[in-house]
Structures are given as structure tokens and as C-alpha cells.
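Asker: Sequence:
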Amino acid sequence: MCGRNLEFRNDVISDFGGREKKKEAAKMAARLIALFDVDGTLTSPRKVVTLDMLNFMKELRKVITLGVVRGSDLVKISEQLGKSVINDYDYVFA
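Numbering (UniProt numbering) for the sequence shown: 1 to 94.
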């Protein structure tokens with residue numbers, strides 16, 4: 001379902017019509033930032049992220065700026081989202 005929503009977003013941008021409208025939509029998307037909590041949003045509490053969620057976030061990052069937030073240290077975030085977390089997201093708040 002998450003991937004389907006992302007496809008819809010791409011359809012909206014591509015259905016804007018005209019080259020200028022597409023550029024305008026891309027500029028608007030470039031100014032967006034989405035911050036996601038780790039526990040209970042990207043993962044079940046204290047669990048490892050699913051492959052589907054990782055793939056969705058990777059695709060979403062192509063469209064907007066992404067960050068993750070957790071009220072714990074980077075070690076805990078890395079345990080849940082993977083060792084490459086600081087490279088996989090634009091912002092990581094621990």
C-alpha cells in the first residue's frame with residue numbers, strides 16, 4: 001500500500017501537464033521535508049524495519065527530503081534502521 005501511494009504521487013506530478021508545470025511541481029516537492037518517528041511509525045516498537053518499508057523510504061527520498069527522529073541514541077536507531085542509516089536519510093535526529 002505504501003508503494004502504491006508513492007506511485008500516485010508520481011502520477012500526480014506527471015499528470016500536471018506541460019513541461020513548466022512539471023518543473024513547478026518538482027520544485028515544490030524539493031522544498032518538502034518529511035520527518036518520521038522510528039518506533040511505531042517506521043518500525044514496530046523496538047523492532048527492525050521491514051524490507052518493504054526500507055524500499056518505500058528509498059523511493060520516497062527520490063521525491064522529497066527525509067529525516068528520522070528517535071528519542072534515543074544513534075546506536076539504537078542503527079539497530080532498527082540499519083548501519084547505513086546516516087546515509088539512507090537526509091537527516092537523523094537522535
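If you're looking for bench data, these hints aren't it; they were derived computationally from the structure. Treat each hint with caution, since some may be false.
The calculated DSBU-like cross-link candidates involving lysine-lysine, where the alpha carbons are at most 35 Å apart (straight line), are [to be verified]:
#1 Lys76 - Lys62
#2 Lys47 - Lys76
#3 Lys22 - Lys58
#4 Lys23 - Lys76
#5 Lys47 - Lys23
#6 Lys27 - Lys62
#7 Lys47 - Lys22
#8 Lys83 - Lys62
#9 Lys47 - Lys21
#10 Lys58 - Lys47
#11 Lys58 - Lys27
#12 Lys58 - Lys83
Asker: Could you work out which of the previously given hints the structure breaks and list their numbers from low to high?
Answerer: Those not satisfied are hints 4, 5, 7, 9.
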